[in-house]
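Peer 1: The chain contents come next:
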Amino acid sequence: MKKGWHKVIFSFAIVSMFALAACGGNEEGSEDNSTSGENESDSSKTIEFMHLWPEGSSKQHHEIVNSIIDEFETDHPDVTVDVEILGNEQYKEKLKVLSTSNELPDVGMTWAAGFLDPYVSGNMFAPLDDILEGQLQDKFVPGTAEAYAIDDTTYGLPLELNITPLYYNSAIFEEHGVEVPSTFEELKVAIQTLADAGVTPIALGNKDRWTGSMWYMYLADRIGGPEVLNNAIDRTGSFEDPALIKAAEEVQELVDMGAFINGFNGLGNDEAKGYFINEQAAMYLMATWDLPEWTTNEDNPQEFRDSVEYTKFPTVEGGEGDINSFVGGPGVGLFVAENSDVKEEAKEFVTFFVEKWGERSVTDAGVIPATKVDTEGIDLPQMYIDILNDLNEASNLTLYADVQMSAGVADVHLDSIQALFGDAITPEDFAKQQEDALAAEE
Amino acid sequence: MNKVMSNKAVIALYVLPAFILIVALIYGPILITGYYGLMDWNGIGAMTFVGLENYTQLIKDAQFWQSAYHSFLLAFFSTLSLVPYLAISLILAGKIKGSDLLRKIYLIPMLLSSVAIAQLWVKIYDPNNGMLNSFLTMVGVENPPAWLADTNLVLYAIFVAILWQYAGFYIIIYYAALKGIPESLVEAAKIDGANPVQIAYKIKVPLISGVIKVTVVLAIVGSLKYFDLIYVMTGGGPNGASEVIASYMYKKAFDTFDFGYGSAIAFFLLLITLVVTWITRKLTASEDEIQY
Numbered sequence: 001m002k003k004g005w006h007k008v009i010f011s012f013a014i015v016s017m018f019a020l021a022a023c024g025g026n027e028e029g030s031e032d033n034s035t036s037g038e039n040e041s042d043s044s045k046t047i048e049f050m051h052l053w054p055e056g057s058s059k060q061h062h063e064i065v066n067s068i069i070d071e072f073e074t075d076h077p078d079v080t081v082d083v084e085i086l087g088n089e090q091y092k093e094k095l096k097v098l099s100t101s102n103e104l105p106d107v108g109m110t111w112a113a114g115f116l117d118p119y120v121s122g123n124m125f126a127p128l129d130d131i132l133e134g135q136l137q138d139k140f141v142p143g144t145a146e147a148y149a150i151d152d153t154t155y156g157l158p159l160e161l162n163i164t165p166l167y168y169n170s171a172i173f174e175e176h177g178v179e180v181p182s183t184f185e186e187l188k189v190a191i192q193t194l195a196d197a198g199v200t201p202i203a204l205g206n207k208d209r210w211t212g213s214m215w216y217m218y219l220a221d222r223i224g225g226p227e228v229l230n231n232a233i234d235r236t237g238s239f240e241d242p243a244l245i246k247a248a249e250e251v252q253e254l255v256d257m258g259a260f261i262n263g264f265n266g267l268g269n270d271e272a273k274g275y276f277i278n279e280q281a282a283m284y285l286m287a288t289w290d291l292p293e294w295t296t297n298e299d300n301p302q303e304f305r306d307s308v309e310y311t312k313f314p315t316v317e318g319g320e321g322d323i324n325s326f327v328g329g330p331g332v333g334l335f336v337a338e339n340s341d342v343k344e345e346a347k348e349f350v351t352f353f354v355e356k357w358g359e360r361s362v363t364d365a366g367v368i369p370a371t372k373v374d375t376e377g378i379d380l381p382q383m384y385i386d387i388l389n390d391l392n393e394a395s396n397l398t399l400y401a402d403v404q405m406s407a408g409v410a411d412v413h414l415d416s417i418q419a420l421f422g423d424a425i426t427p428e429d430f431a432k433q434q435e436d437a438l439a440a441e442e
Numbered sequence: 443m444n445k446v447m448s449n450k451a452v453i454a455l456y457v458l459p460a461f462i463l464i465v466a467l468i469y470g471p472i473l474i475t476g477y478y479g480l481m482d483w484n485g486i487g488a489m490t491f492v493g494l495e496n497y498t499q500l501i502k503d504a505q506f507w508q509s510a511y512h513s514f515l516l517a518f519f520s521t522l523s524l525v526p527y528l529a530i531s532l533i534l535a536g537k538i539k540g541s542d543l544l545r546k547i548y549l550i551p552m553l554l555s556s557v558a559i560a561q562l563w564v565k566i567y568d569p570n571n572g573m574l575n576s577f578l579t580m581v582g583v584e585n586p587p588a589w590l591a592d593t594n595l596v597l598y599a600i601f602v603a604i605l606w607q608y609a610g611f612y613i614i615i616y617y618a619a620l621k622g623i624p625e626s627l628v629e630a631a632k633i634d635g636a637n638p639v640q641i642a643y644k645i646k647v648p649l650i651s652g653v654i655k656v657t658v659v660l661a662i663v664g665s666l667k668y669f670d671l672i673y674v675m676t677g678g679g680p681n682g683a684s685e686v687i688a689s690y691m692y693k694k695a696f697d698t699f700d701f702g703y704g705s706a707i708a709f710f711l712l713l714i715t716l717v718v719t720w721i722t723r724k725l726t727a728s729e730d731e732i733q734y
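So the sequences go chain by chain: L and H.
Residue numbering for the first sequence follows the numbering used here, starting at 1 and increasing by one per position.
Residue numbering for the second sequence follows the numbering used here, starting at 443 and increasing by one per position.
Please note: incorrect hints may appear among the correct ones.
What the hints assert, rightly or not - If we take Cβ atoms under 7 Å as the criterion, some of the chain L residues that face chain H in the derived model are:
| id | residue |
| --- | --- |
| 1 | S58 |
| 2 | K96 |
| 3 | G263 |
| 4 | G266 |
| 5 | G408 |
| 6 | G422 |
| 7 | T426 |
What the hints assert, rightly or not - FRET-style restraints, in silico, Cβ to Cβ:
| id | chain 1 | residue 1 | chain 2 | residue 2 | range |
| --- | --- | --- | --- | --- | --- |
| 8 | H | T579 | L | E253 | 21 to 31 Å |
| 9 | L | V97 | H | Q499 | 25 to 35 Å |
| 10 | L | P381 | H | L562 | 30 to 40 Å |
| 11 | L | I385 | H | A504 | 50 to 60 Å |
| 12 | L | E428 | H | K502 | 18 to 28 Å |
| 13 | H | M552 | L | N278 | 29 to 39 Å |
| 14 | L | V97 | H | E625 | 36 to 46 Å |
| 15 | H | T579 | L | I150 | 49 to 59 Å |
To be verified - For lysine to any residue, the following SDA-like pairs were computed, each having C-alpha atoms within a straight-line distance of at most 25 Å:
| id | chain 1 | residue 1 | chain 2 | residue 2 |
| --- | --- | --- | --- | --- |
| 16 | L | K343 | L | D152 |
| 17 | L | K94 | H | T698 |
| 18 | L | K94 | H | L467 |
| 19 | L | K312 | L | I323 |
| 20 | H | K502 | L | K273 |
| 21 | L | K94 | H | G470 |
| 22 | L | K96 | H | I486 |
| 23 | H | K565 | L | V255 |
| 24 | L | K432 | H | L500 |
| 25 | H | K502 | L | S406 |
| 26 | H | K565 | L | V199 |
| 27 | L | K273 | H | N571 |
| 28 | L | K92 | H | L467 |
| 29 | L | K94 | H | I486 |
| 30 | L | K372 | L | E355 |
| 31 | H | K667 | H | W507 |
| 32 | H | K539 | H | V628 |
| 33 | L | K94 | H | G487 |
| 34 | L | K356 | L | D78 |
| 35 | L | K92 | H | F696 |
| 36 | L | K246 | L | T183 |
Derived from the structure by calculation, the hints contain no laboratory data.
Quick reminder that beta carbons are idealized off the backbone N, C-alpha and C, glycines included.
Generate coordinates for the entire structure from the input sequences, incorporating the hints supplied.
Peer 2: Put into structure tokens, the structure is as follows:
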């Protein structure tokens, strides 16, 4: 009898394990938009739409998407939108797998430049120039839709836009009598003052490498102007340009001054952010996707959020770059599949989506859209308003270097960045490594 | 029953499900990986056959050999660490107080997922707020190292975490083997006047030599293909200072979209592991099977 019990318990355990596993799979795996059930007749068309904002981890995004779809379906009674949702990493994997079997959804999300490249050369994405020249003309912030263009044809409509301000903790600045720097010299003075007082000047999680790349990109921009780095990457120039080497020298000088947090090459970005939030570091260079952390996120103490301010990256004396030039770039964008059987409807849907998203994303989800936002009369934390106004004045937007480059070269760039910050290579070798990698790909 | 079992068709039928699974999930993918290794392929577009080009590139790839060196270093230290594990098991298997509890404590790291362990050690090693450096500062060390950021230290810092992770696994294997030794042998040795150290060294260890050989192979093979903690803790950095073969393979295949090259590395890793396993078996081979 005793033995029998064991069996029962054991089999129960097994069964519940499978049941639990099944539940878990459902949660983030895939979800059907069941609102579409009723009007499925022969004449109706279905747009398959895949996105990467599950309800669990990106609730506000998820809700905006759902309501946009509802609105679109009300406007177009003969069209239904079939949604599939996956988390970020699974999404990338699945997109790749689907494309190998030529089964991409009609509409989905993509990233700019390097990510886009293999899909475009495989003829998977439909050109969207007709929309850009038509209904959505002049709606986008300059430089955003261009990031989705390959050989002057645009294959994606950006939804998000991120620029990279230098955030600082005004409480720490005040305590040590540090002025907000507007030139690089002033920044160095500020760093020296803070370092002498035993305060970590800058939080940097350079284990992730792209974080250090932002510092380098800004210095390159401020010293050599916005074109130098872009030209080096698109091969009209060279990475061994004196300005790019000078920028690398400046990075190492900052490192030698103790500007960056102890052990930055072993810290991830989240850990670095943790130091900034814990008020253990005075400055933090990061994109605007972190704005909610400093404004609305209740998990961070009010006192801290009140003391976070931002400034544009300082200019370098005698440098070419101006202060209104930003490092940044669009995040995800929408694509339409080339072999979609409902291409017209799909194009209509993405147009509709981009317009509605532009109206709602910043107020409802704190996401800065790639479309221009009129700040008059919308209710937002002041920091958002300021950033949006700065954006309208932006003279240039330089896309993140690792996004501009192909995957292989980006990896060389990122590794060189880590080595540069770690004093493992000289600025000349740093430039040469990347020049070689870029030249090898030509 | 015997008649049924001697029928070849029935045997085939019973073996078939397991056979299909193992072919579909293990041998098939190995062959496919070998095939991809001969291609130039970014994982999405068209494949081009390039023959052994990936492998010739691999032989010349300094970064690959550096990661291979790290993998072998890890294998060396894992094997070395079997000695203290064995010592601990010998003590636990003796009749000491609380050995039951201690055994469970040693086993706990086994129950945690690798990612959790990695996060735990990342927190311990944190250069400014971490437990280790706080402790070092407390006992008067000035400027303790930033463990995971220092190219000379990072590999060893991770090794410590890996060895800690697997301690329970080997200890439990040794413990079980030691418990299987008949009490009578130990008693006989005691009557002959052997002290505990002699009993451990001359009787117990030789008796479980078969198990020890298995653990040596496990430690070496496991180390050569090791991936998880390293990937989470440093991603192979800084500057490739903690890169091992498996993390390098992942980086090539998934970060730089060079699936052909990644597959070549994977296949090469398989070959290395096979050869090393064969050598280990040869070196530790012995004639006599032990029977109690």
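Peer 1: With reference to the structure, classify each hint as holding or not holding.
Peer 2: Taking the hints in turn, this is what the structure says about them:
1. S58: At about 21 Å, which exceeds the 7 Å cut-off, the nearest Cβ of chain H leaves the hint on S58(L) violated.
2. K96: This interface hint holds because 6 Å falls under the 7 Å limit.
3. G263: Holds, because the Cβ-Cβ distance from G263(L) to chain H comes to roughly 3 Å (cut-off 7 Å).
4. G266: Hint on G266(L): holds, closest Cβ of chain H at ~3 Å, below 7 Å.
5. G408: 5 Å, holds
6. G422: 5 Å, holds
7. T426: 14 Å, violated
8. T579(H) <-> E253(L): 21 to 31 Å: Taking Cβ atoms as reference, T579(H) and E253(L) lie about 28 Å apart, which means the hint holds.
9. V97(L) <-> Q499(H): 25 to 35 Å: 27 Å, holds
10. P381(L) <-> L562(H): 30 to 40 Å: Taking Cβ atoms as reference, P381(L) and L562(H) lie about 36 Å apart, which means the hint holds.
11. I385(L) <-> A504(H): 50 to 60 Å: Roughly 52 Å apart at Cβ, these two residues keep to the hinted range, so it holds.
12. E428(L) <-> K502(H): 18 to 28 Å: Taking Cβ atoms as reference, E428(L) and K502(H) lie about 24 Å apart, which means the hint holds.
13. M552(H) <-> N278(L): 29 to 39 Å: The hint (29 to 39 Å, Cβ to Cβ) holds, given that M552(H) and N278(L) are roughly 33 Å apart.
14. V97(L) <-> E625(H): 36 to 46 Å: 58 Å, violated
15. T579(H) <-> I150(L): 49 to 59 Å: At 53 Å between Cβs, range holds.
16. K343(L) <-> D152(L): Distance ~21 Å between K343(L) and D152(L) Cα, so the pair holds.
17. K94(L) <-> T698(H): With Cα atoms ~17 Å apart, K94(L) and T698(H) stay inside 25 Å; holds.
18. K94(L) <-> L467(H): Measuring from Cα to Cα gives roughly 20 Å; hence the hint holds.
19. K312(L) <-> I323(L): Holds, at about 7 Å.
20. K502(H) <-> K273(L): 39 Å, violated
21. K94(L) <-> G470(H): 22 Å, holds
22. K96(L) <-> I486(H): Distance ~6 Å between K96(L) and I486(H) Cα, so the pair holds.
23. K565(H) <-> V255(L): Holds: K565(H) and V255(L) sit about 23 Å apart, inside 25 Å.
24. K432(L) <-> L500(H): It holds: about 22 Å lies between the C-alpha atoms, which stays within 25 Å.
25. K502(H) <-> S406(L): Between K502(H) and S406(L) the Cα gap is close to 23 Å, so the pair holds against 25 Å.
26. K565(H) <-> V199(L): Between K565(H) and V199(L) the Cα gap is close to 21 Å, so the pair holds against 25 Å.
27. K273(L) <-> N571(H): 14 Å, holds
28. K92(L) <-> L467(H): Holds. K92(L) to L467(H) sits at ~23 Å (cutoff 25 Å).
29. K94(L) <-> I486(H): 11 Å, holds
30. K372(L) <-> E355(L): 10 Å, holds
31. K667(H) <-> W507(H): The hint holds at about 14 Å.
32. K539(H) <-> V628(H): 19 Å, holds
33. K94(L) <-> G487(H): 15 Å, holds
34. K356(L) <-> D78(L): 20 Å, holds
35. K92(L) <-> F696(H): Cα-Cα ~11 Å, so holds.
36. K246(L) <-> T183(L): 16 Å, holds
In the structure shown, a violation is registered for the earlier hints numbered 1, 7, 14 and 20, in ascending order.
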